[in-house]
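There are 6 protein chains.
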Amino acid sequence: MSNKRVAVFRKEHFNAAHRLHNPNWSDERNERVYGKCNNPNYHGHNYELIVQVIGELDPDTGYVIDMKVLSELIQTEIIELLDHKNLNLDVEAFKDLNPSAENIAIVIYEVLRSKLNSNLDLKIRLYETERNFVEYPVA
Amino acid sequence: MSNKRVAVFRKEHFNAAHRLHNPNWSDERNERVYGKCNNPNYHGHNYELIVQVIGELDPDTGYVIDMKVLSELIQTEIIELLDHKNLNLDVEAFKDLNPSAENIAIVIYEVLRSKLNSNLDLKIRLYETERNFVEYPVA
Amino acid sequence: MSNKRVAVFRKEHFNAAHRLHNPNWSDERNERVYGKCNNPNYHGHNYELIVQVIGELDPDTGYVIDMKVLSELIQTEIIELLDHKNLNLDVEAFKDLNPSAENIAIVIYEVLRSKLNSNLDLKIRLYETERNFVEYPVA
Amino acid sequence: MSNKRVAVFRKEHFNAAHRLHNPNWSDERNERVYGKCNNPNYHGHNYELIVQVIGELDPDTGYVIDMKVLSELIQTEIIELLDHKNLNLDVEAFKDLNPSAENIAIVIYEVLRSKLNSNLDLKIRLYETERNFVEYPVA
Amino acid sequence: MSNKRVAVFRKEHFNAAHRLHNPNWSDERNERVYGKCNNPNYHGHNYELIVQVIGELDPDTGYVIDMKVLSELIQTEIIELLDHKNLNLDVEAFKDLNPSAENIAIVIYEVLRSKLNSNLDLKIRLYETERNFVEYPVA
Amino acid sequence: MSNKRVAVFRKEHFNAAHRLHNPNWSDERNERVYGKCNNPNYHGHNYELIVQVIGELDPDTGYVIDMKVLSELIQTEIIELLDHKNLNLDVEAFKDLNPSAENIAIVIYEVLRSKLNSNLDLKIRLYETERNFVEYPVA
Numbered sequence: 000m001s002n003k004r005v006a007v008f009r010k011e012h013f014n015a016a017h018r019l020h021n022p023n024w025s026d027e028r029n030e031r032v033y034g035k036c037n038n039p040n041y042h043g044h045n046y047e048l049i050v051q052v053i054g055e056l057d058p059d060t061g062y063v064i065d066m067k068v069l070s071e072l073i074q075t076e077i078i079e080l081l082d083h084k085n086l087n088l089d090v091e092a093f094k095d096l097n098p099s100a101e102n103i104a105i106v107i108y109e110v111l112r113s114k115l116n117s118n119l120d121l122k123i124r125l126y127e128t129e130r131n132f133v134e135y136p137v138a
Numbered sequence: 000m001s002n003k004r005v006a007v008f009r010k011e012h013f014n015a016a017h018r019l020h021n022p023n024w025s026d027e028r029n030e031r032v033y034g035k036c037n038n039p040n041y042h043g044h045n046y047e048l049i050v051q052v053i054g055e056l057d058p059d060t061g062y063v064i065d066m067k068v069l070s071e072l073i074q075t076e077i078i079e080l081l082d083h084k085n086l087n088l089d090v091e092a093f094k095d096l097n098p099s100a101e102n103i104a105i106v107i108y109e110v111l112r113s114k115l116n117s118n119l120d121l122k123i124r125l126y127e128t129e130r131n132f133v134e135y136p137v138a
Numbered sequence: 000m001s002n003k004r005v006a007v008f009r010k011e012h013f014n015a016a017h018r019l020h021n022p023n024w025s026d027e028r029n030e031r032v033y034g035k036c037n038n039p040n041y042h043g044h045n046y047e048l049i050v051q052v053i054g055e056l057d058p059d060t061g062y063v064i065d066m067k068v069l070s071e072l073i074q075t076e077i078i079e080l081l082d083h084k085n086l087n088l089d090v091e092a093f094k095d096l097n098p099s100a101e102n103i104a105i106v107i108y109e110v111l112r113s114k115l116n117s118n119l120d121l122k123i124r125l126y127e128t129e130r131n132f133v134e135y136p137v138a
Numbered sequence: 000m001s002n003k004r005v006a007v008f009r010k011e012h013f014n015a016a017h018r019l020h021n022p023n024w025s026d027e028r029n030e031r032v033y034g035k036c037n038n039p040n041y042h043g044h045n046y047e048l049i050v051q052v053i054g055e056l057d058p059d060t061g062y063v064i065d066m067k068v069l070s071e072l073i074q075t076e077i078i079e080l081l082d083h084k085n086l087n088l089d090v091e092a093f094k095d096l097n098p099s100a101e102n103i104a105i106v107i108y109e110v111l112r113s114k115l116n117s118n119l120d121l122k123i124r125l126y127e128t129e130r131n132f133v134e135y136p137v138a
Numbered sequence: 000m001s002n003k004r005v006a007v008f009r010k011e012h013f014n015a016a017h018r019l020h021n022p023n024w025s026d027e028r029n030e031r032v033y034g035k036c037n038n039p040n041y042h043g044h045n046y047e048l049i050v051q052v053i054g055e056l057d058p059d060t061g062y063v064i065d066m067k068v069l070s071e072l073i074q075t076e077i078i079e080l081l082d083h084k085n086l087n088l089d090v091e092a093f094k095d096l097n098p099s100a101e102n103i104a105i106v107i108y109e110v111l112r113s114k115l116n117s118n119l120d121l122k123i124r125l126y127e128t129e130r131n132f133v134e135y136p137v138a
Numbered sequence: 000m001s002n003k004r005v006a007v008f009r010k011e012h013f014n015a016a017h018r019l020h021n022p023n024w025s026d027e028r029n030e031r032v033y034g035k036c037n038n039p040n041y042h043g044h045n046y047e048l049i050v051q052v053i054g055e056l057d058p059d060t061g062y063v064i065d066m067k068v069l070s071e072l073i074q075t076e077i078i079e080l081l082d083h084k085n086l087n088l089d090v091e092a093f094k095d096l097n098p099s100a101e102n103i104a105i106v107i108y109e110v111l112r113s114k115l116n117s118n119l120d121l122k123i124r125l126y127e128t129e130r131n132f133v134e135y136p137v138a
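Residue numbers (numbering that gives the first Met the number 0), protein chains in the order written: chain S, 0 to 138; chain Z, 0 to 138; chain R, 0 to 138; chain L, 0 to 138; chain A, 0 to 138; chain U, 0 to 138.
Derived by calculation from the structure, the hints in this document are not laboratory data. Be a bit skeptical, because a hint or two may be false.
One copy or two, either will do: identical chains are not told apart, so a pair holds if it fits within one copy or between any two.
What the hints assert, rightly or not - List time: in silico DSS-like cross-link candidates among lysine-lysine, alpha-carbon distance up to 27 angstroms:
no., residue 1, residue 2
1, K35, K67
2, K94, K122
3, K114, K35
4, K94, K67
5, K94, K3
6, K122, K67
7, K114, K3
Construct the complete structure from the given sequences, taking the supplied hints into account.
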């Protein structure tokens, strides 16, 4: 008989600068599409990150995954990569990828996915501001 | 090959007065079912609205939908309709419909659904208070 | 030797309808000054109330005032007076007083001040929305 | 024709002490797995509980379920069971079950499931802290 | 007889990039004092700004100051100056001033002070993150 | 000429178990005064702590106090003392002192006051729950 499936969530945060810019477009089109988010000198956010992991409950520990282990994984793989960085200039993954909230969530997902046991499901929610946020993947 | 599907969320708010009342019932039954929410002189709330849109990521923009466009759509179609209004008296949709949180969410969904491209999925979460909220539609 | 002075805070909430309107002014002036807050059919809010009481710590109880007693006092004197009410129509204190956040805070202060022991100081903070709030009294 | 399905959510809270401990393990293994959560003298949390109920909208009331009824059910069945308690010592359900957030959510689910009409779906979200939370059941 | 004095608060927000750097110090000292906040490529924040205005209540309006007027003043004088900007590169006031939270609050105070009637008192609270914030002036 | 005075705030949190009990009283009186907070098996809270430090701005650093230094001080002196502890059993300061929110705030103040430079003012705000909190000292 299989164990019960439970979702667990861990919230972390990081601060970063970015700008939205498509190098294949004219400056005028970048300005029209991205508005003040295209500021060449960058702007920034306090990103709030919620990592959701779904899996079977281990009846011995009462855990799906040890939250200290999950928190340390996010710290090592994501926070050290993105915190107090300029996403466009300092982070390899965004050298040719626009650091929109959507793309940041996908990058975070792919990094964590490669580190988590494959019997665990993973979903990322990323708040760029309290009023704008994204979730990946979706069914 | 299809693009990645991502959910994006935009939070807005509006303030309104309402009362819960079923005109087909006696005053006594309205009072029994709705309690103080049946006050004939109305009461009110700060409604918090979260609009979720799911669709394919556009690789050129890094967006599912431009959040400024989504925010303006909610502003024009929903906030101007409901903000600082008496839902029972001032809003056509509630002339014959009880403005419960459930029904307000359904009305908001139907207005926005008719304005959004059909390849985008839509879900509404509406907070009547911090402790009472609803979501529509559900699978 | 006097005991240590400590401030204690209790947060409560109520929902109400209101409109801003000065009966001594023309409709046109009311509309110009109060804008959509002047809607004759009312609008409403979830008010968050923080009651601050300052006094000497009782060394026997470890309390300035028993928070259950303070919470019940707010419940009986304020929440029953204002919750799920139309402030303009249902509440005596606003029969001739504009129910602005400032005036609601003053009314709450005066009701609670008359019920609290005079060796306790009292201050009211009232949130009309998350972005608009007031405090009374101030030095 | 069936009615529209809507999800409604009610948020409640309780405060409790607990410790994580597996009596089948050595003290040394308990300490290694649970760290400071294994403190034999207990620690505690303000648990935030969100109960989600999904069902068909009743067109007469505008409700899936009366939120006062749902709130009273949670109060009677859950808050009185867990609030201001030592989960390990005072609550029968945890006599032989580790009170991890995951297991607390499952216990809450099972108590409420047995009290709710079977045509209503139920999901529990439990915040142990603002940064650690769980959800049960998941598909 | 003087009117009652009340404090009113308006919350606004802006997003910006910055770095902490003292040009009179060596790179090594800047790195030692400011750590990752000294990143030459900048990082950023969602700043939450609370503007407090204290004054006499106008008995005709029920207002200390019209919150729409206050909100528009903050919008015109502060948000347009700082939002989606690189504080070090784009904002004149920080050309020779380190954009620490303390200094940003002082700059905001001085701009708004020069625009507000002198019979109104003013205080600024600025959140750089949810966990780090400042207030100016203090007695 | 003296420098500008600014208040800076740092928010931290800890989880702990406690009970309210006065050993000089009968069980019956303890039960009457403290109610369920007197549970002999303890209950617990997620305490949110806001440490406010007021001082002159250092024009070289742009800081009143380095927030990393303040955060580490709170971590070393307070969080390690109180986090995941049973306040009554594990913490020397509460051996003969009731761990009410008021007394916990006073203990935190006295520990930090002895470690901070005397030209800095200090104030403690402690949230026992979102709805009950205290501040010490007050003028």
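Hints, one by one, checked against the model:
1. K35 / K67: Answer is between; shortest inter-copy Cα gap is 11 angstroms, intra-copy 39 angstroms.
2. K94 / K122: Within. Shortest intra-copy distance 24 angstroms satisfies the 27 angstroms Cα cut-off; inter-copy 33 angstroms does not.
3. K114 / K35: between (36 angstroms within a copy, 26 angstroms between copies)
4. K94 / K67: For K94 and K67, the Cα distance is within 27 angstroms only across copies (25 angstroms; inside one copy 31 angstroms).
5. K94 / K3: between (42 angstroms within a copy, 20 angstroms between copies)
6. K122 / K67: both (18 angstroms within a copy, 25 angstroms between copies)
7. K114 / K3: both (23 angstroms within a copy, 21 angstroms between copies)
When each numbered hint is compared with the structure, no violation occurs for any of them.
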